[in-house]
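**Q** Protein chains in written order, with the working numbering: chain H, 3 to 162; chain R, 3 to 162.
Read the hints as simulated data drawn from the structure, not as lab findings.
These numbers come from a predicted model, not from an experiment.
In this text, a Cβ means the ideal position worked out from N, Cα and C, and glycines have one as well.
Check each hint, because a few of them may be wrong.
[Said to hold, decoys possible] Beyond 12 Å from chain R on every Cβ pair, some chain H residues (computed):
1. Ala39
2. Ile61
3. His109
4. Arg125
5. Gly139
[What the hints assert, rightly or not] Pairs of lysine to aspartate or glutamate residues, derived as DMTMM-like cross-links and limited to a Cα-Cα distance of at most 20 Å, are as follows:
6. Lys14/H - Asp35/H
7. Lys136/R - Glu13/H
8. Lys14/H - Asp57/H
9. Lys14/H - Glu38/H
10. Lys136/H - Glu100/R
11. Lys136/R - Glu100/R
Number of protein chains: 2
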Amino acid sequence: MLIRPAMNADEKAIWSIIGPTIRAGETYALPPDMSEADALAYWMGSDRETFVAEDEGRIVGTYYIRANQAGGGDHVCNCGYMTDLGAIGRGVARTMCEHSMAHARSHGFQSMQFNFVVSTNDRAVRLWQSLGFKIVGRLPHAFRHPTHGLVDALVMFQPL
Amino acid sequence: MLIRPAMNADEKAIWSIIGPTIRAGETYALPPDMSEADALAYWMGSDRETFVAEDEGRIVGTYYIRANQAGGGDHVCNCGYMTDLGAIGRGVARTMCEHSMAHARSHGFQSMQFNFVVSTNDRAVRLWQSLGFKIVGRLPHAFRHPTHGLVDALVMFQPL
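So here's chain H without its partners, still in its complex pose:
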């Protein structure tokens, strides 16, 4: 699997990955009816670096990395990852997260923080824990899940 910076020419492939996840509204606090243009403007914004994961020439995942805060908080980074639904279970998210941790270290970030991991997203919580993240905060009923109703969101963190 190759992880490389996203280019404008990747927009269609990126939307084909982030669109279904945004529409499902189960794992990200983004408007489920967000337009393709708004979603791409968010995911590939000028305040972050965006990468894609290629497997045999096909884009199977994408992630962004940015400073989580400005000023005295800009040594902590934040990432978001999405995997193509057809490529779940093949280690795409793990590979992207490992890449992001190495990238973050090489750019001087000292820690990585996930602000809003939906607590019902067991697969993600377990994956982040296996990669060294700790749950450092729990936001009670902070997410309206389309089928589970009000569920907690987790803050996850690790020094790099």
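Chain H is fixed; fit chain R onto it per the hints.
**A** Just chain R, lined up with the frame of chain H:
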């Protein structure tokens, strides 16, 4: 004390309050060298409502309120408060926070979250606790304090 929506004509007064706090870099994760224009664009952004606190016709504090997340997280709001350094200790922040909680309830928010309370800001931590906020997360060494060095930041939360 009167709390009212901020108007463009308040910009000079608002900058006179938020400028020194941003420049000090001790309590907010904003760039200490942020320009006046950028600071006002942030504090009075279109994604939030901004208020000022008036005491005998003089603006002594300002706060904003916004949804803390989009989509399934937009029932939780987030606020930032700043008090004029010459008016510290007169209950300005408490009055603004109480106003924000009432405003949030009336606009349908179900909870209020502070994402990044610098742990050395004892006055703020005690005030938010006295107003019902609980510490639900601790971000280790997430803030570079200009004199204390790396200190924790707190996530504080309360149902409304």
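**Q** Evaluate each hint against the coordinates.
**A** Okay, the hints, checked on the actual structure:
no. : hint                : verdict
1   : Ala39               : holds, 15 Å
2   : Ile61               : holds, 24 Å
3   : His109              : holds, 16 Å
4   : Arg125              : holds, 18 Å
5   : Gly139              : violated, 2 Å
6   : Lys14/H - Asp35/H   : holds, 17 Å
7   : Lys136/R - Glu13/H  : violated, 42 Å
8   : Lys14/H - Asp57/H   : holds, 16 Å
9   : Lys14/H - Glu38/H   : holds, 9 Å
10  : Lys136/H - Glu100/R : violated, 33 Å
11  : Lys136/R - Glu100/R : holds, 16 Å
When the structure is compared with the earlier hints, violations turn up for hints 5, 7 and 10 and for no others.
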